[in-house]
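Engineer: Here is how the chains run, residue by residue.
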Amino acid sequence: MVEFPEHLIRELGRCIGCGACNIPCPMFHVEDLRETEGARARIKLLSMLSNGKIELTEEFLSYTFTCMNCGLCSSFCPVDIDVFGVIVGSRSALIDMGYVPLVTVGMRDVRRKTGSPIGDRITKGVWLPPDFQPEKGADLLFFAGCWVHTVPEVALAANKLLQKISGEVVPAGTNEPCCGGLLYVIGEKDSSEESREELRRFLADLSPKRVVSGCSLCANMFTDLGMEDLASAIEEALEEGRIKTKSLKGKKNKIFLIPSCRSKGASERILRSIKNADVIEVPEWVCCDCGATLIYQAEPEKFDRWLRRLLDIASSMNADYVIIEEIACYSMIYEALEGRNKVKGMKIVSFPSFLLDHIS
Amino acid sequence: MAEEPAVKAAEEIASQLGEDRVLLEDLDRSAYSYDASGIHAIPSAVVRPSDVEDVSFVVEAANRYGVPVIPRGSGTSLVGGPLPIEGGIVVDMQMMNGVLDKDDYSGLIRVESGVKVLELNKLFPDRFMPINPDGAGFSTVGGLIAEDAASPLSAKYGTMKDLVIGVEVVLPSGEVVLVEQPGPPSKWNALGLILGSEGTLGIITSAYLRLPPIPESRRAFVIEFSDVSDSITVQNTVEREGMGVMGFEVYHNYREVVEGGGTEAVAYLELAGKEECVDLWSSRLSEVLSSMEIQHEEADLSDVDDIWVRRKGLYEIARSRGSAIKVVSMRVHPHLVRDAVQEIDRTGSRMKLPVVTIFDPPLGWVMAVFLYDPTNEKEVERTEKAAQNVISRTISLGGSVGFGTGVGINRISQDMDEGFVTIFSRVKEALDPNWIMNPGKLIER
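Protein chains in written order, with the working numbering: chain A, 1 to 360; chain S, 1 to 445.
Quick caveat, the hints were computed from the structure, so don't treat them as lab data.
Glycine included, each C-beta is placed from N, C-alpha and C at the ideal position.
Any given hint could be a false lead.
[Stated by the list, open to error] Under the rule of at most 27 Å between Cα atoms (straight-line distance), these lysine-lysine pairs were calculated in the BS3-like manner:
(1) 385/S / 352/S
(2) 156/S / 53/A
(3) 8/S / 53/A
(4) 122/S / 264/A
(5) 161/S / 274/S
(6) 187/S / 156/S
(7) 136/A / 264/A
(8) 352/S / 378/S
(9) 264/A / 378/S
(10) 264/A / 254/A
(11) 385/S / 53/A
(12) 264/A / 275/A
(13) 347/A / 254/A
(14) 275/A / 164/A
(15) 122/S / 254/A
(16) 302/A / 249/A
(17) 156/S / 102/S
(18) 53/A / 164/A
[To be verified] Partial selection, computed: residues in chain S whose CB lies under 10 Å from chain A:
(19) 36
(20) 94
(21) 374
Chain S extracted, bound-state conformation:
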């Protein structure tokens, strides 16, 4: 049964936006109760704004009634980002999907936050969107910015925050602010607060981005590591010698879990840039790998695109045994990647769950992918325990959770990162004294 103040707020919103923009039926509310995290939480209402004025009205009304407001893009979050875990009104941003301005020469675009990656990729003939976390391009710009999403190509292009020049945000009061300048930002502070704040400070309604050009030349290798530590040595060499790495991703236990046996880890490494440079780097990389007696061969670029763009490696894991998957995303100092992999392996064996660890040495990004039988309740429980265990072990290693995916319901506590929690809580109190914006995410109240 929907909460009373939420229903009142929804009724008021319906009178302004129109009845068809407010969904109160059980079927609709249930359809907005999930994302890609496996968590469920049914909202009291769903509203579907079509412009920034609508969003402002919704937030202002919800604030007045003290009802939580949860922004939602395409619902591809792995951490429950768009789920109303404390109840409230879900704001579906997908209808705000206009391209407001675009410049072919500079690759600058201004889009509404409901625009999807697959749509961005149709806008320029020679530029592209390197952050495509779900592989299908279904995620929205707003969601990617809110969670500061990453992809294997973050090795070259950074995470989502590195592509954003400015945003328009509706604050919890309903005020609309533009955090951008006509040119490159001179101060990052205000923008930096919004980027990656997981919808807890406001709703992003549009964004000013720059899409990078497609590189002139690319060459890639598939590498078999018999010891994951070697991948860190390779990363050190690549860095020291200034090679242009587009992506470098290692799949530990992949051959064992997916193919039933083989080397400890398989990796893909792509070099990109000017043709002469790429050729030179490729020969050098091959030389280094050979001197370390590491088996490698040049990979087909379409296969590598499958890995970077369509996330085939990740999905292949889920396909391999007809299992469900649980992904935990973290970041550690690159020299500790081996320890993180060992912790994940240990957790897998203790919980009797097959696990593949995907890590990107240039980023220190580690993803544990547990496989489990969704029809076996005990195994589902064990998977949850395994995920929590990996999170706490990562933190004791000095790592952080939520890289590339956001933290979501895993929330950062005082003992995880006191400085961040102290500063961010005070900013939150100031901007959102009623804690209506996406409560239960990112930090504890």
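The following block holds chain A by itself, in its conformation from the complex:
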């Protein structure tokens, strides 16, 4: 029998089973409201596992470790259970007990070899000169995040965007460490802590005045690192009048935004402030960030179903643009669409690239 730590057993036992956490759960909606796929089932089944009502199988283990990792479930719980925190805590506890699911083994190895759980598919700083070295004490350090290195054009756009809001922007460069965010959500808490510590040392060494992260998962989940997410930094510059938005031209201006799961709405507010932009209200379960990596790699067909569903909804709402806030998410979608940037008549654009054209 699996024995979870007491605080987890208590939180699992507190679940009243109301199902509110299923409302924002992307997998629940994408898989046609199938109970098994929702956040409530993950909590309830972990609870059943902890009191011996069901057995731990490899299938169950994979199931526990694979969701979109958006964390939206926590904000919907009426009795304040940190639903996502309990899921992540259970993953860690299972790993501590020696139950490592096959789906994360690959990531663990890659991280050991390259320092990043997706290190085998990226060349860090490919968009920078080969001999680039970040200067110390910069006004603004651009921490790009692992996935951005697969889409150099977005990295450049984000960098240029930041140049508009700050005099001196220094990219973190080719030695940029992984923040450990993805490792954290898949329950690898020791590896995550190691990564974060490495990043902390890296940042301390460069001692920039501020750090803006292209990865909103890192910025918003590890607030102790003192990083701002890209959209929040841009919103602040807009509010302070350092930059202005330019109006959208033409009549095809309907925007379907896929926001970052952990942002506080900055990207949506920025887009709404653009003259002539018609930002569509999207269902509460629409969001994406680096946390989706595991499902993207381990169950690509599920990721594809999620993407197709989103594109269908956007198309049914007559969207002209699908804008993806989170760079990691854009990279995955870009790969899944095999580099196509137009689907069903809609332009698929990353938030930094779109904004670069509409900010002066």
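Put chain S on the given structure of chain A with help from the hints.
Structural biologist: Relative to chain A, chain S alone:
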């Protein structure tokens, strides 16, 4: 291990509906083994119909194999309504979530039974769904009708049955019947049998409803009672003077349990209607409360919405001590509310469990909310005993169980309500001779 006839029935259903609509894996079956009651029962199979023909096929096949069929909406039941406590096939109705027809002027809508409250609330700009028992809007129309759900706003709008004009039902034989007319129903009998029958007579596949308009004006008060009996006096006055009460809910022991001390009970009372009337009623209510020396003040409407719509009071109880909660829902004659509250208090102290009683004087609706430590097995057992004790005490007071939530596995027996059990059993025998429809709920066989 799944039961043999159930597996055969499931295989036949899969060949008709498609393999992806029949779930047989352990993981899936376990995910349909719970609701919000704390009870567990694993089905042999789960089927996911997408239209009424699918449901009819499923029920007919299950009947032929003599396998229980358990309809399920979102699984928010507090009484085990959608759980296969005698085994069988769970029918997940959530994919049947279409809006079939809607009229903005009259507020009439025809929806499939898997539509959720939160979706209903998006349909009209000036109308709403007053019955939202889980607070999040996750419950389905079918579940609400089957259990005849209530909410604090039932004071004004009645329970779910009062919003329903007609239903389409798949009977245990697989026959599909429409119990409705184009206009208002002239005879309630057949419809009345289905409403609140907890899925024991058939599966509701669609419903014809009327959503009420949002009132023009609203004002609300938060009231501190040092004696719960005063709330009944207030209710009598409000009734006698014809005030338009939207909701009136009292939380006994709330301050003690949640805040560590304070008045015996805190209450919310909302008046709604035309502005002039609401203003007049508000002054009068304030006058009455002052004359009774009852502390009160006008409440923010968003706070009151938190209580009515999001059920904040109930959830705040669960949040307060990091405990789990067990809710027992009952109805007593309003003049006996005080006795019911005392019985609940006594049970709480005897079982050493903190308890808050929520009651709605206009409805005589009483909910005992016990708090317990889910990691302490003995306390879990004591909570179950406390719930059973409250049920039997309520019945000896002349009350009934399951108001607003359904009876579910608590089942009504001959000695609780002989008339109902006799008539309902015979109807059940006639419509469902094999007792395949949601057995183990509502009444004993």
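Engineer: To test your reading of the hints: which numbers does this structure violate?
Structural biologist: Failing hints, ascending: 2, 7, 9, 16, 18.
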